[in-house]
Structure formats: structure tokens, C-alpha cells
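A.B. asks: Going down the list, the protein sequences come from chains U and V. The numbers in this note's numbering rise by one with no breaks, and the one at position 126 of the first sequence is 129. The numbers in this note's numbering rise by one with no breaks, and the one at position 415 of the second sequence is 425.
Since the hints were derived computationally from the structure, they do not count as laboratory data. Treat the hints with care, since some could be wrong.
[Claimed, not checked] Listed next, the in silico DSS-like pairs over lysine-lysine satisfying Cα-Cα at most 25 angstroms (straight line):
(1) V:32 - U:74
(2) U:153 - V:792
(3) V:34 - U:94
(4) V:32 - U:153
(5) U:15 - V:32
(6) U:131 - V:665
(7) V:465 - V:684
(8) U:149 - V:714
(9) V:684 - V:18
(10) U:149 - V:339
(11) V:160 - V:339
(12) U:94 - V:80
(13) V:665 - V:470
(14) V:18 - V:80
(15) U:6 - V:157
(16) V:714 - V:135
(17) U:74 - U:85
(18) V:684 - V:160
(19) U:74 - U:123
(20) V:32 - U:149
(21) U:94 - V:714
(22) V:339 - V:416
(23) U:149 - V:18
(24) V:792 - V:665
(25) U:94 - V:32
[Said to hold, decoys possible] Computed spacing ranges between beta-carbons, pair by pair:
(26) V:451 - U:129: 37 to 45 angstroms
(27) V:416 - U:58: 53 to 61 angstroms
(28) V:596 - U:14: 38 to 46 angstroms
(29) U:58 - V:612: 36 to 44 angstroms
(30) U:16 - V:125: 26 to 34 angstroms
(31) U:47 - V:627: 56 to 64 angstroms
(32) U:14 - V:742: 51 to 59 angstroms
(33) U:57 - V:662: 52 to 60 angstroms
(34) V:270 - U:57: 33 to 41 angstroms
(35) U:5 - V:627: 37 to 45 angstroms
All values reported here derive from a predicted model rather than from experimental measurement. For every residue, glycine included, the Cβ atom is placed at its ideal position computed from N, Cα and C.
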Amino acid sequence: MFKRIAFSVNGKAFNFEVDIRESLLEMLRNRLGYTGTKKGCGVGECGACSVLIDGVPFDSCIYLAVWADGKEITTIEGVASKSGELSEVQKAFVDEGAVQCGFCTPGLVLTTTALAGSGKEYTQDELKRELSGHLCRCTGYQSILKAAEKSLEGHICTCVDSPHYKQQHERNEG
Amino acid sequence: MAYTVVGKSVRRVDAVAKVTGKAKYTDDFYERDMLVGKILHSPYAHAIIKSIDVSKAKALPGVEAVLTYKDLPRINYATSLPGMIGDVLDDAEDEEERIKFGTAGHPYSLDPSHRDVEDRHILAKKARFVGDAIAAVVATDELIAAKALKLIEVEYEVLEALTSTEAALKEGAPLIHEGRASNVLASGGFAIGDIEEAFKESDHIFEGEYETSIVQHCHMENQTSYAYQDMDGRIVIVTSTQIPQIVRRVVAQALGIPWGRVRVIKPYVGGGFGNKQDVAIEPLNAAMTLAVGGRPVKIELSREESMTDTRTRHAFKFKIKTGINQDGKLIGVHITAISNTGAYASHGHSIAGSAGGKFRYLYPTKALKYDPITVYTNLPVAGAMRGYGCPQIFYAFESHLEDIAKRLNIDPIEIRRKNFVEVGYVDPVSKNKVTSCSIRECIDKGKALIKWDEKKALYKEQSGHKLRGLGMACFSYASGTYPVALELAGARIVLNQDGSVQLQIGATDTGQGSDTVFGQMVAEVLGLPMDMVHVLSTQDTDISPFDTGCYASRQTYVSGMAVEKAALEVKEKILGFAASMTDIPVNRIDLVDQKIVFKHSGESVLTLEQVAMQSYYDLLRAKPITSDISNNARINAIPFGVTFAEVEVDIKTGKIEVLEIYNVHDSGTIVNPKMAEGQVQGGVSMGIGYALSEQLLFDEVTGKALNNNLLDYKLPTIMDTPDIGVAFVENHEPTGPFGVKSLGEPPTITPAPAIRNAVLDATGVSFNRLPMNPQRVFEGFKEAGLI
Numbered sequence: 004m005f006k007r008i009a010f011s012v013n014g015k016a017f018n019f020e021v022d023i024r025e026s027l028l029e030m031l032r033n034r035l036g037y038t039g040t041k042k043g044c045g046v047g048e049c050g051a052c053s054v055l056i057d058g059v060p061f062d063s064c065i066y067l068a069v070w071a072d073g074k075e076i077t078t079i080e081g082v083a084s085k086s087g088e089l090s091e092v093q094k095a096f097v098d099e100g101a102v103q104c105g106f107c108t109p110g111l112v113l114t115t116t117a118l119a120g121s122g123k124e125y126t127q128d129e130l131k132r133e134l135s136g137h138l139c140r141c142t143g144y145q146s147i148l149k150a151a152e153k154s155l156e157g158h159i160c161t162c163v164d165s166p167h168y169k170q171q172h173e174r175n176e177g
Numbered sequence: 011m012a013y014t015v016v017g018k019s020v021r022r023v024d025a026v027a028k029v030t031g032k033a034k035y036t037d038d039f040y041e042r043d044m045l046v047g048k049i050l051h052s053p054y055a056h057a058i059i060k061s062i063d064v065s066k067a068k069a070l071p072g073v074e075a076v077l078t079y080k081d082l083p084r085i086n087y088a089t090s091l092p093g094m095i096g097d098v099l100d101d102a103e104d105e106e107e108r109i110k111f112g113t114a115g116h117p118y119s120l121d122p123s124h125r126d127v128e129d130r131h132i133l134a135k136k137a138r139f140v141g142d143a144i145a146a147v148v149a150t151d152e153l154i155a156a157k158a159l160k161l162i163e164v165e166y167e168v169l170e171a172l173t174s175t176e177a178a179l180k181e182g183a184p185l186i187h188e189g190r191a192s193n194v195l196a197s198g199g200f201a202i203g204d205i206e207e208a209f210k211e212s213d214h215i216f217e218g219e220y221e222t223s224i225v226q227h228c229h230m231e232n233q234t235s236y237a238y239q240d241m242d243g244r245i246v247i248v249t250s251t252q253i254p255q256i257v258r259r260v261v262a263q264a265l266g267i268p269w270g271r272v273r274v275i276k277p278y279v280g281g282g283f284g285n286k287q288d289v290a291i292e293p294l295n296a297a298m299t300l301a302v303g304g305r306p307v308k309i310e311l312s313r314e315e316s317m318t319d320t321r322t323r324h325a326f327k328f329k330i331k332t333g334i335n336q337d338g339k340l341i342g343v344h345i346t347a348i349s350n351t352g353a354y355a356s357h358g359h360s361i362a363g364s365a366g367g368k369f370r371y372l373y374p375t376k377a378l379k380y381d382p383i384t385v386y387t388n389l390p391v392a393g394a395m396r397g398y399g400c401p402q403i404f405y406a407f408e409s410h411l412e413d414i415a416k417r418l419n420i421d422p423i424e425i426r427r428k429n430f431v432e433v434g435y436v437d438p439v440s441k442n443k444v445t446s447c448s449i450r451e452c453i454d455k456g457k458a459l460i461k462w463d464e465k466k467a468l469y470k471e472q473s474g475h476k477l478r479g480l481g482m483a484c485f486s487y488a489s490g491t492y493p494v495a496l497e498l499a500g501a502r503i504v505l506n507q508d509g510s511v512q513l514q515i516g517a518t519d520t521g522q523g524s525d526t527v528f529g530q531m532v533a534e535v536l537g538l539p540m541d542m543v544h545v546l547s548t549q550d551t552d553i554s555p556f557d558t559g560c561y562a563s564r565q566t567y568v569s570g571m572a573v574e575k576a577a578l579e580v581k582e583k584i585l586g587f588a589a590s591m592t593d594i595p596v597n598r599i600d601l602v603d604q605k606i607v608f609k610h611s612g613e614s615v616l617t618l619e620q621v622a623m624q625s626y627y628d629l630l631r632a633k634p635i636t637s638d639i640s641n642n643a644r645i646n647a648i649p650f651g652v653t654f655a656e657v658e659v660d661i662k663t664g665k666i667e668v669l670e671i672y673n674v675h676d677s678g679t680i681v682n683p684k685m686a687e688g689q690v691q692g693g694v695s696m697g698i699g700y701a702l703s704e705q706l707l708f709d710e711v712t713g714k715a716l717n718n719n720l721l722d723y724k725l726p727t728i729m730d731t732p733d734i735g736v737a738f739v740e741n742h743e744p745t746g747p748f749g750v751k752s753l754g755e756p757p758t759i760t761p762a763p764a765i766r767n768a769v770l771d772a773t774g775v776s777f778n779r780l781p782m783n784p785q786r787v788f789e790g791f792k793e794a795g796l797i
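For reference, chain U alone in the conformation it holds in the complex (with noise of 0.2 angstroms):
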């Protein structure tokens, strides 16, 4: 069964008829060629197929494609401007060395996009915690959340008076 559905991807609309098994995740790979947004496990447990919809974090594998009926979809290939310029996230992941074989970076990047451009602030555990829906085998996270933290500088308390730094002062001190 088919049915029709009308969308935006990074800002290009698209109206066409799906196949309603289909999740987002094919439908972006493979019909329209969106191969940025990678495919770790197909039912939701590494994240690394996440893409913004209407500004929300989703696994796009299990996300049908029929229910992005009237969203924007930002993809990895909407990140960066027009011109090519890196975002300001894009920038922190590159130069924390947060990048190594790039698989589950397309997502990582998205999900920071969208926690940088909340206006909420986080708490390192909090931080942690949205970005665990996010598996890495190459970094052990140490440089994906020092640039998930830069990303999100001004609303993270990384300070001396964080309760992240209290907690950790208080193990060190027995």
C-alpha cells in the first residue's frame, strides 16, 4: 500500500507516495539519497540513523516514513550552510577530535544540534544522559562530550561550582 505524503529535507520539499512499510530511514537513503544518515542496527538501539524532525532527535529506522506527513526533516547534509561553512557544532566535534571512524558522527552531530539550539541548559550528567541513546565503539565518549559541552558553552555548567565538579571532588575527597 502506498500512500501520499508531503515534507521538507533541509528545506527542499518533497511530495511523493511512499510505500507505508517503509521506514524514514530507506526512504532518506535510499530514494532520495540522504546517505549521511547511517544505519547501525534498524530497530533503534545505536542511533546512529538520527535525524531532527521538526527540531526533535529520532532513530529514523524506526520512524515510518508515512508519519513525516507534513515535517521538516533536517538531515547531516543540512547541517553545514549553503556555502559549506561548518556549524558551530560541526566545528566542536572536528577540532575535539570527537571523529574517528564517523559512523555514529552523523547522529551525535544532530542530536547536539538540537540540545544546542533548545536554549535549555544541561548539567553534565544531564548532557550524558540525552546523548545515550548514541553508541560509539572508537572513542569511549570522552571526545564526543567535550564537544557536545563546547557546542553547548554558555548553557552547561562546567565551572568550579558545577554539581558534575562537586560530585567528582566529593569522590576524590573520600
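Keeping the supplied structure of chain U fixed, place chain V upon it in accordance with the hints.
C.D. replies: Chain V in isolation, oriented as in the chain U frame:
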């Protein structure tokens, strides 16, 4: 030694491509009318196929081909038909006449006794583990292919599943591979000195048993490939691999066709960690395209398939007997090991061999006897995984040594210091020499970072149910496989008209950053900025220089040698060309900042661009400047390092929390500190998973995997991973290009024993089985009377 680009944290050459989604991985390429290949896996761990009926599957509209063992190439059949490789597939009953091949990512050996065991067919007639590939379908789309798999009717005669090495070694156990004398794949290690004499000389004898579990690589990109025949009928395979040249050879061997008729292309790879140092899907993919007249067919494994149907890490059981003197000096060590290799050999006994071979360097003793055996079982196939036997053996020995230190009341650091290797040590088995070693300095650094002495004093008197402790563990490793295997590497450099260069290497970057490191080496030698060095990231067996691939932490060291030589040759040619343009003797000029300058004054003579342009367009002398180096490294540098860990153990729940963890490495010169740090952090994270949570679980009766997915298999998330501290003690390794030694795998080796030793320090309980998950730890505490 002072370098300008080597030693700097330059940006990864592929970072921008990867944060923008432009980096193309295997699955991101399309061929027109690409067909989809899917695999029928055995539901039984051990079963003979009595009959297999594919007629219903074949009849399904959209199904282009169905393959079983009956369709596989016959021995000595295909090679007799040069150029007609479409005919290698042949429908006949006899399995024994079908080509068997080995899959391990080792270079070919001219010595038949050194070759990998050839024990598998592309598709099996006898299933040897749950997941064994029995049949395959090629269809126009994924849904049809999946439907067709269900229409294949297979009648199995189910045999007893041998799901442990004990069961496989039992007297009268059924044979997993017919024709073999037993289920032992191989045995044999080495003996240095007289172990019995050493035990007699020792003040004390200690014994211990240690066990590690089956874990999986969990690279984020699953195995995926696509294959087609080009216009000359050659098979082209684009695949996510660490070893394109070996894939090419194994595919040709599996099909019985000349090696030159296969071409393998490696685009960006989403992690491998050793699992892609094996030829898991490409031979079947090649057979699939042959079955449909060379049309493009892709195979994309699911996560569940990738976790059990490719490769895993060998589980080991160790028994260690150690003779030691009262002062802590090791006299004799006898290690016996049983390695579980699963259903097929793959890397097989090499893993056990590597474990012993790399362990030998850390604590040379008067006598060291190593007796490993590698055993087939009806479990998924174990292969290469980061550390190649070392996370297993160092977990066992570093745990054992800690227990000994405790019993002898010797400080655990001191007992190690007393036994460390010295520079100049020549390994009696390999004859390889330790040419640099900073393990002692690594320990000093780690001790200071974790505040060892202060905390040790602080934690002496603890009460309550949350206890803290400190632990450490050391390792030695290798930089490549010399002298066990070939260490050939290739690099090619072309000087462009604008004075920039292209660098082609046969070594593969699978995420670890080798492309960047090689680029830095070229930039260093030629005095170029990084943006004037264009590194070609794709390897193509038709185009790239020959290199055996990404494994054994070999590339920065071994392939780096080729890159350095290639760059030096280009530099020499640039100066030679400049000399011919100016009539200035070549020994008076140098290449600095993209200029040819007088050595004595630094005065500029020509720009590099002028030389480059002349090299292309001078009507008389034009000869573009290139180099093409193949380097056979007949040497191996030994890296060392240590993990320090601090844990808090909750006695009531069995939960171990790693509060602080530091890895300190002696890897020679660090070419790119930021990337090296990332490499270590990733390895430590993998080691923490190995220590605390990761384990592939199997039903003991059926051999079926219980948790082959990323939800039930406990891969550390960002929330489970503590801050990971990294430090380096840089020395200049005399044999390495720019003084480097290896770094890739070592970080994974010692987190588990360091954490285990910290738990011992906190609680007094030895955990000699991995992983130390809450249930096991809780049970251990109950047994020890703590609960």
C-alpha cells in the same frame, strides 16, 4: 627529536567529510538495478542437511537466484576455464569436491604449513553453529529476498551441540569437522628454559585459574558489501574491510579463479576492531553476482547477523603455575590455555600463539612454558579482535601476579618493577630485540595521576557497604607481526603541478586515523602544510600499492616506514630536478617551506611550484616526480603500558563503579596527540566493557545466542563510561619511522585486570572470571561471606 608536523594534533584529514555526511561508506554507493542478497542461517548448532528444496523460493517472482552448497565451485574445475568465471558455479551433489578455504586476514604464505586452516565452504552442507550460512537468495528487493528465505525447505539431522570446550574435548564427542582426529584445531606453544628446574629453584609456587568470555567487536557499521562483474568479466567487490588485498585473494581461492580476476575496493569503513580482518561475506557475495550473470548484488548484514555470524573474541581458560622467590623475582611461569575458536578456524590458533608471543616480553623469566590448545565448538566463529589474545592472557597473568603479591605481602607495583624487561633484551623465541622501553616511567606517571600512595593510605580503613580500591596492570605488545608473518607495506607519492602531493597507501584507515598520520609524515619530510598533502582514503586492489592491511597495530610503524621512504625519495628527486634546473650542486640545496634554498644561507633559489611545473612541462627534461615504495619490515618494536584504576564496589548490589581510570602508554613518538588520546580512550572503553558488562550469552543446550543485539548485549554507553585519563611517555624508538611504536590495540589490554585488581584491593575478593557483572560479583561476595 624535533619535528614540525609529526607530534602535532593536526585535524583529521577526513573529519569534515564525516561531520557533514559526505564521507561515503560501502552502503552509500549505488549501482543501477542493484539486487539484494540474503542468507539463510542454520537454526541448529550442529546438524547435517538431509535435503534442501529451493524450488518454492526460486518460483517466487522477483527471486533471481537461490544458492546452496550444491551450487558452489568445484575443486580444480573453474581454473580450467580461463575467462569463463561465470561457469564456476555448478550444480552437483558432492560436498567434498567443493572448494574449502580459510578466511583469516593473514598474508598468504608460500610455506604451506604456515597457511590458515581451510575448513569452510561458502555455504555449508553441515551446520556447525547457529547462524551457519546454509543457503542464499538474490532478489530484486529486500522484502522478496526475506520472503524467499522462508520458502527454502531444509531437512536437518540434528546432532549433539558442543557448546563448550569441555564438551568438545570429551572422549567420544562427535566431530565438528569430519576427517579430523578430534575437535582440537591446533595446539603447541613454546618453552624457554627448564620449567621443572625453575620451580625447584623457587621459594614459592602459586597456582591460579582464570577465564574470559566471548565478546563482540560491535563496530557501528555492520559488514556490508556489493559485488558485480565489470565489462571484462572480472569480479569487483566494494566492501567494508580492513584487508582489501587479502579479501581479493580469499575470494579468488574460494571460487577457484585466478587472483587477478578479482578487484576489491574499500571506501570509508565504520570501524572494524579486527572483525573486518576476516573475509566473512565477500566470497558469498561474489558467488551471488556470478549466479545472476554479473549483475550487482549487495549483502548488508543486520546487527544480529553481524554479532553472531561474523566473528567474536576467543574465550580462554587459563591455568597458571608460577615459581617465585621471596623477594618477588619470578623464576618460572607455566601457562596452559584452552582457546574456544567456535565452529571454524578463522584466525584459530594464531590468537593463542599471539597471546603467548606478546606476553613474553614484559617479564622475562628463567623459564616460561606456554601450552595452548585451540578447540572447535558449535558456537559462533572466533577471529581477530583488538588485542589478538592479549586482553585474555594479560587479564589472567596480571590477576595472578596481583594475587601472588598479596600473598607474599609485596607491593603490587614493586613486584612488577622487579621483573620488568630491560632495553636490549632479545626474545629467545623470535630473536627480536627490545630497543626501547619506558614501562617504569609509565608507572611513575600513572601512579601520580591516580594519587596512588595518598589513596592507598586513605582506603586502608574503610567500613560500610561501599568500598574503594586501587588496581593496576601492565602489558607488552608488538608493532606488526614480524617474524611470524610478512610485513609488506606500500606507499606512492605524486608531486602535482602546484607543489602539492598525493599520497596513496595500501594501508587502510578504518577510523583509527592512519590516513592523517601518514599525511603528517609526508608533510614532515617535504616541509609541506597539511593542506598540500592529499591523502587518498580509498584502497583499490587495482590501483593502491600493495599492503597487507590494517591489523596487528602495524600501520603507523610498518606502513609508516614505506611512507617515510616514499617521501624521502620524492624530496631527493625534487632537489635533483632543482639542481638540474639551476646547475647548483644538489648537496648545496634543501627544500624548506615549499622553496628550494641554499643550505648555507637559506636564500631562496626556486619555489617548489616552479620545480613541479618544470617537471611536467619542460620540453626537454619533463619527468613528473613520483615515488612508489614497497617496504618489507623485518623488525618489530615492542610497546608497553599500564592501566591504573580506582573503583567503588557496592557490596550489597555487586555493582562496580570505575571512579578513575588512566592508561599510560610507551608507544614511542606520538604522531598526533589528540588522535592518539582518542584511540586510547576508545580502547579503554572497550576494555571496561570487557571487564564489567560485555558477554555474548548462549543457550547451553542449543547453542543459540541469547543477546546478539545492542539492547541485550551490554556495550558501554556514554553514561556507563567514566572519565578516561590518558598519558604518554614518549621515547624515540630507533627502529620506527620518526621513532614510533604501535598504539592501536594496546589500550584494550589492561583495563580488565586493573579493574579486577582494584576490586580485590577494595574487597579482598579475587574475581577470576570475566565479565565482573553485578550478578557474578554478588555471587562472589556471597561465597566469600561478605553478604
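A.B. asks: Could you run down the list of hints and mark each one as holding or not?
C.D. replies: Tested hints:
1. Distance restraint check for residue 32 of chain V and residue 74 of chain U: the Cα-Cα separation of roughly 24 angstroms lies within the 25 angstroms cut-off, and the hinted pair is therefore satisfied.
2. The suggested pairing of residue 153 of chain U with residue 792 of chain V is violated, with an alpha-carbon distance near 45 angstroms, which exceeds 25 angstroms.
3. Distance restraint check for residue 34 of chain V and residue 94 of chain U: the Cα-Cα separation of roughly 20 angstroms lies within the 25 angstroms cut-off, and the hinted pair is therefore satisfied.
4. Restraint check for residue 32 of chain V and residue 153 of chain U: satisfied, since their Cα atoms lie roughly 23 angstroms apart, inside the 25 angstroms limit.
5. Taken as a hint, the residue 15 of chain U and residue 32 of chain V pair is honoured in the structure, with Cα atoms around 18 angstroms apart against an allowance of 25 angstroms.
6. For the hint pairing residue 131 of chain U with residue 665 of chain V, the CA-to-CA distance comes to about 20 angstroms; that is within 25 angstroms, so the pair holds.
7. With a C-alpha separation of about 29 angstroms, the suggested pair residue 465 of chain V and residue 684 of chain V falls outside the 25 angstroms cut-off, and the hint is violated.
8. Annotation: proposed proximity of residue 149 of chain U to residue 714 of chain V is violated, straight-line Cα distance about 40 angstroms (limit 25 angstroms).
9. Of the supplied pair hints, the one linking residue 684 of chain V and residue 18 of chain V holds, its CA atoms being roughly 8 angstroms apart against a limit of 25 angstroms.
10. Simply put, residue 149 of chain U and residue 339 of chain V have alpha-carbon atoms about 44 angstroms apart, too far for the 25 angstroms limit, and the pair is violated.
11. Our distance criterion of 25 angstroms between C-alpha atoms is broken by residue 160 of chain V and residue 339 of chain V, whose separation comes to about 63 angstroms.
12. With a C-alpha separation of about 54 angstroms, the suggested pairing of residue 94 of chain U with residue 80 of chain V is violated against the 25 angstroms cut-off.
13. Proximity of residue 665 of chain V to residue 470 of chain V is assessed by CA-CA distance (about 21 angstroms); at most 25 angstroms being required, the pair is judged to hold.
14. Our distance criterion of 25 angstroms between C-alpha atoms is broken by residue 18 of chain V and residue 80 of chain V, whose separation comes to about 56 angstroms.
15. Between the alpha carbons of residue 6 of chain U and residue 157 of chain V the distance comes to roughly 23 angstroms, so the proposed pair stays at or under 25 angstroms and holds.
16. Between residue 714 of chain V and residue 135 of chain V the CA atoms are separated by roughly 19 angstroms; this keeps the pair inside 25 angstroms, and the hint holds.
17. Proximity of residue 74 of chain U to residue 85 of chain U is assessed by CA-CA distance (about 21 angstroms); at most 25 angstroms being required, the pair is judged to hold.
18. Taking the CA atoms of residue 684 of chain V and residue 160 of chain V, the gap is near 50 angstroms; set against the 25 angstroms cutoff, the hint is violated.
19. About 23 angstroms separates the Cα atoms of residue 74 of chain U and residue 123 of chain U, which keeps this hinted pair within 25 angstroms; it holds.
20. A distance of roughly 23 angstroms separates the Cα atoms of residue 32 of chain V and residue 149 of chain U; the hinted pair therefore holds under the 25 angstroms criterion.
21. Of the supplied pair hints, the one linking residue 94 of chain U and residue 714 of chain V is violated, its CA atoms being roughly 45 angstroms apart against a limit of 25 angstroms.
22. The straight-line distance between the Cα atoms of residue 339 of chain V and residue 416 of chain V is roughly 14 angstroms, inside the 25 angstroms bound, and the hint therefore holds.
23. Among the hinted pairs, residue 149 of chain U with residue 18 of chain V is consistent with the structure: their alpha-carbon atoms are about 19 angstroms apart, no more than 25 angstroms.
24. Taking the CA atoms of residue 792 of chain V and residue 665 of chain V, the gap is near 14 angstroms; set against the 25 angstroms cutoff, the hint holds.
25. Between residue 94 of chain U and residue 32 of chain V the CA atoms are separated by roughly 15 angstroms; this keeps the pair inside 25 angstroms, and the hint holds.
26. Range check, residue 451 of chain V to residue 129 of chain U: about 39 angstroms between beta-carbon atoms, so the 37 to 45 angstroms window is met.
27. About 56 angstroms separates the C-beta atoms of residue 416 of chain V and residue 58 of chain U, a value consistent with the hinted range of 53 to 61 angstroms.
28. The beta-carbon spacing between residue 596 of chain V and residue 14 of chain U, approximately 58 angstroms, falls outside the hinted interval of 38 to 46 angstroms.
29. Taking the beta carbon of each, residue 58 of chain U and residue 612 of chain V are about 57 angstroms apart, not inside 36 to 44 angstroms as hinted.
30. Checked against the given bound of 26 to 34 angstroms, the beta carbons of residue 16 of chain U and residue 125 of chain V, roughly 59 angstroms apart, lie outside it.
31. For residue 47 of chain U and residue 627 of chain V, the hinted distance range of 56 to 64 angstroms is satisfied, since their beta carbons lie about 58 angstroms from each other.
32. Take residue 14 of chain U and residue 742 of chain V: their Cβ atoms lie about 53 angstroms apart, and the range 51 to 59 angstroms holds.
33. In this structure the supplied range 52 to 60 angstroms is violated for residue 57 of chain U paired with residue 662 of chain V, their Cβ-Cβ distance being about 45 angstroms.
34. A hinted range of 33 to 41 angstroms is violated for the C-beta pair residue 270 of chain V and residue 57 of chain U, which are about 54 angstroms apart.
35. About 59 angstroms separates the C-beta atoms of residue 5 of chain U and residue 627 of chain V, a value inconsistent with the hinted range of 37 to 45 angstroms.
In terms of the numbered hints stated before, the structure departs from hints 2, 7, 8, 10, 11, 12, 14, 18, 21, 28, 29, 30, 33, 34, 35, listed from lowest to highest.
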